[in-house]
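Chemist: The whole structure should be built from the sequences, with the hints applied where relevant.
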Amino acid sequence: MNVVVFIIVFLVLALVAVVSGALVFVIDSMARATYALAISFVAVGGALVLFGLTYPGVITILMMIMEMAIMAVFMIMFMGMNPALIPMSMVHGQRPALVASAGLFVLLVVGILLAPWPQHPHAAPARARQLGQALMGDKMLVMMTISPVMFATIVAGVVLASHRTRYDRFGDDLDRRVASDPQPGGVGR
Amino acid sequence: MTDAASAVLSVVLTVVVLGVGGLCAAAFGGVLAGPSVRHGLTLPLAETARLLRQRRRSAPGADLLLWRIAGAGLVLVPLLMLAVVPLGPPPVLDSAVGVVWFNTADVAVWALVWLLGWGANATFALVGAFRFLASALAYELPLMFALTAPAVAAHSLRVTDIVAAQAGLPYVVWMPLAFVVLLVGVAGFSVWGSLGPAAGPDLAGGVLGELSGPDRWLALTGRYLLLVAGSVFTAALFLGGGAGPLLPSWCWLLVKSAVLVAALVVLRNRLVLLRPDRFMEIGWLILLPAALLQLLVVSLLVTVGGWS
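Sequence order for the protein chains is A and B. Reminder that position 37 of the first sequence reads as 37 in my numbering, one-by-one numbering, no gaps. Reminder that position 68 of the second sequence reads as 68 in my numbering, one-by-one numbering, no gaps.
Bear in mind the hints are in silico, worked out from the structure with no lab data behind them. Just so it is clear, the structure is predicted and the values come from calculations on it, not from any experiment. Glycine residues also receive a C-beta, built at the ideal position from the N, C-alpha and C atoms. Just to be clear, a hint being listed does not mean it is correct.
Partial pick of chain A residues on the chain B-facing surface, computed with a CB cut under 7 angstroms [to be verified]:
(1) Ala31
(2) Val58
(3) Ile65
(4) Val73
Stretch-level coverage of chain B by chain A, calculated; a stretch enters the list once three of its residues show a Cβ under 8 angstroms from a Cβ in chain A [what the hints assert, rightly or not]:
(5) 98 to 109
(6) 114 to 128
(7) 236 to 245
Modeler: If you want it as structure tokens, here you go:
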């Protein structure tokens, strides 16, 4: 792609990402704030695609739209809000939040400026591989072990947190054939 | 033919296939609904004329911006879906991650249908919106795994490659479960038939209930276009795309897609409406294991049996 076109597309995507990200804090509607954030993430995904990272870019867009759709449900469920009647501020704890985000921004910018970026375009894949090796290389076994443990922890957490257990559903001797659930399921159990 | 000309041809063809396909699907639905064939055939055009002239109305405090974005998006998303499918000439966007692209477009429907219900500022519409998300949680994961089966077999996420890999045997022959699961997903994201309780009559139309005029036309059209785009994509992924004897390849793809669309239109009101609380269990206890089992079989056949 032409360098000028590349830069223009990147600037447009970056602008959309930053502006819609900032709108999240300005808008007084929960739904609009949620989807402003979604647009911001879509623009970031678009920038990844622009850099040739097609798969991570498209997956970012997919995951973020899905997450925002679900997040809107939870936000409205816990904060009960009507688009017209209760405009509400989307910010709280402003001072710590500003300090934290400004600090993070400075940290990232310093990192970008100080990092020894590869000068030659063909050096980039080798550098990416080095990064991958440094991050994961000799820790692969640890990661492989941790992931099932983490998954088991999630399942155990859900089981412990659930107030209805299999004894409520299938009786004290677990001999009830059809579970007694407050919501009947769809497969005739 | 130059690159630019062929790109323009692809774009025009995509729009025409989608538009004509949606119109035919709506007309067929009209014929099935009765009372006469003539009435049914003219129904889409008559409805279009009626809705485009109808005055818009909205409840006080409706979030018009989000509401209108939702309606327009439902027409845009099917175009994005079809952009990666070869309809004869090369696709508009011959993406190396075409399958994921389609998946992303169908996830965008989550946001759009929810916004359609939210923007109206009406109770039934909002209930419909939440119903859709609940249904989506049940159909989306099986759909994702169903999409991976052809990609595994073709060693590619590019739709063109997947179509080419089926030159010998269409994937539906050895991936029937994934095919069915994907069709259920198509019905799901089109808010169609059994999976349409988000727009159900028990909610006075749900997410569609408050819509009027051009807004209603956009949403109804978007639903038919989603149905068509999903069917064409399914035909490309499982029915061998344009492969077939005698007829040219674009013709075969249209015939196969038309059969799928017709089947979905015929089944529309002939199956029981599945409330999300019921469909949730069907999705997670039947469709998801079926899709995973299919994926296991396909992976084994590809790696051990050397199929492709």
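Chemist: For which of the previously enumerated hints does the structure constitute a violation, in increasing order of number?
Modeler: Hint check: 7 fails alone, others pass.
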